[in-house]
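Colleague: Sequence:
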Amino acid sequence: MRYWQYLLVVGVCGGAVSWLEGAQAAPSEQGGPVQATLAGTSSSSVPAAPSPAPVAAPSAVQPAAPAGKSWFSDIDVGLQIEGGAMANTGHPGNGMNFGQLLQSHSDTGMLNQVALTITKPVDPIGDGYGLGANIQMLYGSDARAYVITGISDRWLDHHRYQLTPIQANIALHMPWLTKDGLDMQLGILSSPMGVEVLNPAGRAFYTMSYTAQYSNPFEHVGFYGQWHLNSYYAVLFGMDAGNQKSFGRGNNNGEPAGYVGFNASQLAGGALSLTYLLRVGPEDPRRALGSHRAHEAQRFWNDLNATWQINPKWSLTAEATQVHDEGLDANTWSGVIWGAYAATSTLTFNARAEVYRDSTGQFVVQYPEDTGYGRSLLGLPARTYSAPATTYGDLSFNAVWRPNIGHHVKLLQIRPEIRFDRSLNNTRPFADFRHQNRILIGGDVTLGF
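So for the sequence shown, the UniProt record's numbering puts the first residue at 1; every next one is plus one.
It is worth saying that the hints were derived from the structure and are not from the lab. Remember, it's a predicted structure, so these values are computed and weren't measured experimentally. We put the beta carbon where it would ideally sit given N, CA and C, even for glycine. Any given hint could be a false lead.
[Claimed, not checked] What follows is a list of derived Cβ distance ranges for each label pair: (1) S291 / P124: 40 to 48 Å; (2) G109 / S231: 43 to 51 Å; (3) E369 / L395: 29 to 37 Å; (4) F397 / P312: 19 to 27 Å; (5) H292 / G95: 37 to 45 Å; (6) A351 / H91: 22 to 30 Å; (7) S73 / W176: 23 to 31 Å; (8) N94 / H158: 15 to 23 Å; (9) G126 / L380: 42 to 50 Å; (10) H91 / M174: 50 to 58 Å; (11) H159 / R287: 21 to 29 Å; (12) A399 / Y233: 34 to 42 Å.
Could you build all of it, start to finish, from the sequences and the hints given here?
Modeller: Structure, rendered in structure tokens:
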């Protein structure tokens, strides 16, 4: 039995003796200063707002449908559009904002997302069981980084704006083991690890931290489970084909990976929630390491995050990560903290500070070609930019304005942002590797129906 398999068994069985978003009941579907997601992660501190078609949360089983209504009567359809730009004070000749996978091109407007979401909430189907479903398709520049090999890596390839599935799963509630039972989602899923999520309505900033981009997984094909021990604590577990991998030609080494962890929510009178997740599995391609080494070399991801709602206006979120890759002989560690002040019901001010260490320069990588990220996941040739071993520091400030305009518009979100990045160990990773620091200025607009 492999080490990660052993950890999963211990994690699940150990809970026996004593998961997803997003602007939804999971972080990638719904914003809020304090939010425990289905997978247990907490969202960045942003003002609560409706998000189109929230993903079905297995734990939120709806009451039985009134007589005369079918199981399909509460299907929800939503559309959300996001676009923005970040100007770079270094004006890099290669046109890239180094260290930014989503806001990758400097001084250039981007259509980040057009997201269509279809959700069937989890409804009772008898004997305490519940069933729901989620489908979410995303078109835009963000799809280049959230590609799933073997599924969307050849859709609209060589285009800046690509297409990828973010959710395509069934959601189950099972009345097993404890009063609150077991929840599970199976299919294409967003990763449960980390704080910052793909949905712009569920994270505080337009730009993402290094941690979210390089030390948190993005997408999976597999399953996640959340076993509720009681109203406050849950055991988390799951298994998948790898980070952004599917099966067959879409898998870079033919081996699975998995999660185990726990979530504690609504502590300290409802003000505090925290999540720990360990992910273990081989992630490096056989084309780079050879089949035997790629199968055996494990990547260990550790993520701990917590959110504290200090009072109705102030909140803090913190995240600590550590990643070790045996195949690359590389390590990262990081710490991030977010602070939010809700000035009014429609205006919030946010700050984010981060220190991120890439011990070898193999994690923080830029992909100038539209298919580069997906090709690199499979170990195929791809043009990249990378820096030496660097300790990155970044400090970001923004405002999030969400006016209520009505007329079938569920969300209008405007986020101006300024971000300061600096190498803390005197390397020069920015502006064509000429500068030790840089400033990004810009923002985005999101419209939801």
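Colleague: Hints numbered earlier in the text: which of these fail when held up against the supplied structure?
Modeller: The structure conflicts with no hint, since it agrees with every one listed earlier.
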